[in-house]
Amino acid sequence: MPPTQNTAVLVENYIKENVVMVFSKTTCPFCAKVKALFSSLQVPFQVFEVDQVANTAEIQEELFKISGLKTVPNVYVNGQHIGGCDATLKAHNEGRLLPMIQSQPTQTYDYDLVVIGGGSGGLAASKQAAGYGKKVAVLDFVKPTPKGTSWGLGGTCVNVGCIPKKLMHQASLLGKAVKEAKAFGWGVDAETVKLSWEKMVEAVQNYIGSLNWGYRVQLRSKNVTYINSYGTFLDDHTIKAVNRRGKEQQITSDKFIIAVGERPRYPDIPGAKEFCITSDDLFSLSYCPGKTLVIGASYVALECAGFLGGIGLDVTVMVRSIFLRGFDQQIAEKIGAHMEQDGIKFLRRYVPVKIEQLTEGEPGSLKVTGKSTETGSEITEEYNTVILAIGRDSVTKTIGLENAGVAAAKNGKIPVNEFDQTNVLNIFCIGDNAEDKPELTPVAIQAGRLLSNRLFGGSTTKCDYNGVPTTVFTPLEYSCCGLSEESAQEKFGENNLEVYHSAMWPLEWTVPAYDSNTCYIKAITNKLDNEKVVGLHYLGPNAGEVMQGFAAAMKCGLTKSQLDATIGIHPTNAEMFTTLNVTKSSGGSIEQSGC
Amino acid sequence: MVQEFKVQGFDEFLSKVTELDKQNKVILCMFCGDKDASGNSWCPDCVVKEPVVRKALGDVPNAENVAFVYCSVGGREYWKDRSNQFRTDKNLKLTGVPTLMIWGRPNEKLVEDQIKADVISILFDQD
Ligand SMILES: Cc1cc2nc3c(=O)[nH]c(=O)nc-3n(C[C@H](O)[C@H](O)[C@H](O)COP(=O)(O)OP(=O)(O)OC[C@H]3O[C@@H](n4cnc5c(N)ncnc54)[C@H](O)[C@@H]3O)c2cc1C
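As you go down the protein sequences, you meet chains U and G in turn.
If you're matching positions, the first sequence starts at 1 in this note's numbering and goes up one per residue.
If you're matching positions, the second sequence starts at 1001 in this note's numbering and goes up one per residue.
For the record, the hints were derived by calculation from the structure and aren't laboratory data.
A portion of the hints provided could be inaccurate.
No farther apart than 20 Å at their CA atoms in a straight line, the calculated lysine to aspartate or glutamate pairs in the DMTMM-like style are these [as the list claims (entries may be wrong)]: (1) G:K1090 - U:E418; (2) U:K70 - G:E1108; (3) U:K135 - G:E1077; (4) G:K1090 - U:E198; (5) G:K1093 - U:E202; (6) U:K199 - G:D1089; (7) U:K247 - G:D1125; (8) U:K222 - G:D1089; (9) U:K222 - G:D1125; (10) U:K222 - G:E1112.
The following residues of chain U were derived to be distant from chain G, with all beta-carbon distances above 12 Å [as the list claims (entries may be wrong)]: (11) C28; (12) V43; (13) G83; (14) T108; (15) L174; (16) E198; (17) N223; (18) H338; (19) G467; (20) E494; (21) K584.
In silico negatives: residues of chain G with every beta carbon more than 10 Å from chain U [what the hints assert, rightly or not]: (22) V1053; (23) A1063; (24) G1074; (25) K1109; (26) D1125.
Note that the structure is a prediction, hence the values are computed from the model and not measured.
The beta carbon of each residue, even a glycine, is placed where N, CA and C say it ideally should be.
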């Protein structure tokens, strides 16, 4: 149930806000019958599965107070109580039901749905809603960075996230491949092969430009109104939209989806905003950043440091405490170690104190003062570019949430129920803004699509936020699905886990004589549940491609014995998952030394 | 009324848009496969989309300032060659026919299925 809402108000609001409201239980055949009726009539209806919440009894008590009916289904049309299954079917058979639904006395708004934020989640939700013939608008506006960088429609992933970073990661892998090619007999002079930063940026930005345009064309063809303006709530049904030239319009809508995403955080130290850049600036930087300091140990920090190092720059990473908070720490450490071997420097347990400009230029030079978190001693060093990657914050503080009554946490995240609904019933939230959800593009897209299906397509399918696979595109890639070893221990108890692991020597690493024990895989299983795989981890080449299929297997309840029964594809790296036989608890050797 | 010009091949195209550009015209370009003497095209999609585009010309804003250039790119063989000038010129970089675009905005093209009656106006949007 939505947070901070007492049950009476919750139930009343559901009845008031929905033309057709069905209180139901997932197991009740009569409920299924009523839902099937509304589906066949092709009218949108909202379902509340009272058996899916903790306070089932309380809700049924409220329904009893309102309608004298404690059982489900309990159906309301335009706020009026119809009754249970029989009463609803009777109303339909007597031809009373549809007229009641159609005689909507409700207020008319400019739109059925306005989506604030045209990123991964917002675009998906708006296009899906328009597919149901709804009148939909999406607002997308990019506030330039302190450096003045700005971009087009599509949100973080396309412009300053997944897409440019993976392409630049690829650029760096190609550089490495050229060097490997020599070992395979190619007559290339790896020393003279040099990357042009400008050409890389141009190629990447051209592709992004084509995506921006593609989104605009899609919205137009699907009849979604695109408004390139900044949206702020005035009340729960009205927003103000202000465009780049300051022109303002007011827009009303029946429903809203908040999907305004996040932006990089700046530390409160002298020189941060004036002289540093973030990932928002990096991917379109018109000049090569030169000697670079990356501050932070998030995946964004390590990925940026990784590809910058990979294209041949002198790169240092300043890390306050641990690498990749939230990820499996054994693997996080391995990633750091590999980057270090690759020539990237780490300042561990240091925080930045101030950034001063020595010379202006593209790049100029900056003096960075850092402080040890252990001894307090200060160090200084000069860099051409400083990239801040210490985290990202939801940009929900300036969108008038208070005017609409939408509750948000202190960090800007918005609590939602399992229907992606905020505490205000006609306002929903998906993607990076939704509290306690994985911050990933496919998650935002899936949530957006399913939300529109529920709001306008009569669907009851909720977004399953569990078992989401992900990949960190560091020079040595890392993918995982399910729990880290730490969270698995916390959830199931260390004694109830069996962890299978192995080092891995990719075949393609043998000829160039790369280390045979750097890559690593791990399967965490629950002994109490038939050795079900609760966490799968892969550190090696093509990590994303490897994990996607295993994620599907885990959705189907993959167990260790099923992994063992699976026949590998030889010669691949992924096949190692089918032959895991050393447990961590045995302390057995996992070293690799050839075929 | 939007003024219309028909051109054949890359060189003719380039000289026509250069000339119209000097007159500060907004130049809407449509690239299609060649038609033979009896008016049959090797590109069926082009045949379908041409009337859609012609109809939209009636709704073009500031029509007196807009020129429509209908360009026949060549025969099938020429077009399929990945290194032909329409595909490689940095102001065009065509990927398919039919393509509809405004000269000078190589990143804003409507290609094949994207050419629809209610979408074409997006080419004239300011933002
Ligand atoms: C460097 C980096 C790398 C990443 N790599 C990956 C990856 O490899 N894989 C992955 O799955 N995810 C990745 N992510 C995360 C992914 O980008 C986000 O999870 C995803 O974009 C979230 O989508 P969203 O719809 O919530 O918000 P966004 O995509 O951020 O879109 C929000 C949009 O709303 C706009 N907006 C903000 N306020 C307003 C307002 N008031 N009015 C109108 N518009 C507004 C914003 O400008 C933005 O365009 C990466 C992120 C970063 C920063």
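Okay, the hints, checked on the actual structure:
1. G:K1090 - U:E418: Since the Cα atoms of G:K1090 and U:E418 sit roughly 49 Å apart, the hinted pair is violated (cutoff 20 Å).
2. U:K70 - G:E1108: 59 Å, violated
3. U:K135 - G:E1077: Given that 20 Å is the threshold and the Cα spacing comes to 45 Å, the pair is violated.
4. G:K1090 - U:E198: Measuring from Cα to Cα gives roughly 17 Å; hence the hint holds.
5. G:K1093 - U:E202: Holds. G:K1093 to U:E202 sits at ~15 Å (cutoff 20 Å).
6. U:K199 - G:D1089: 17 Å, holds
7. U:K247 - G:D1125: The given pair, whose Cα atoms are some 17 Å apart, holds under the 20 Å limit.
8. U:K222 - G:D1089: The hint is violated at about 31 Å.
9. U:K222 - G:D1125: With a Cα-Cα distance of about 17 Å, the restraint between U:K222 and G:D1125 holds, given a limit of 20 Å.
10. U:K222 - G:E1112: At roughly 16 Å apart (the allowed maximum being 20 Å), G:E1112 and U:K222 satisfy the hint.
11. C28: Non-interface label on U:C28 holds, nearest chain G Cβ at 44 Å vs cutoff 12 Å.
12. V43: Per Cβ check, U:V43 is outside 12 Å of chain G; nearest 27 Å; holds.
13. G83: 44 Å, holds
14. T108: Consistent with the label, U:T108 stays out of reach of chain G, its closest Cβ about 24 Å off (over 12 Å).
15. L174: Consistent with the label, U:L174 stays out of reach of chain G, its closest Cβ about 22 Å off (over 12 Å).
16. E198: Holds, because the least Cβ-Cβ distance between U:E198 and chain G comes to about 15 Å, which exceeds 12 Å.
17. N223: Non-interface label on U:N223 violated, nearest chain G Cβ at 7 Å vs cutoff 12 Å.
18. H338: For U:H338, whose nearest Cβ neighbour in chain G is about 38 Å away, the distance exceeds 12 Å, so it holds.
19. G467: At roughly 35 Å from the nearest Cβ of chain G, U:G467 sits farther out than 12 Å, so the non-interface label holds.
20. E494: It holds; U:E494 is separated from chain G by about 55 Å at its closest Cβ, greater than 12 Å.
21. K584: Check passes; 52 Å lies beyond 12 Å.
22. V1053: Holds, since 15 Å exceeds 10 Å.
23. A1063: 20 Å, holds
24. G1074: 24 Å, holds
25. K1109: 8 Å, violated
26. D1125: Non-interface label fails for G:D1125: nearest chain U Cβ at 8 Å, not farther than 10 Å.
Checked against the numbered hints listed earlier, the structure breaks hints 1, 2, 3, 8, 17, 25, 26; every other hint is satisfied.
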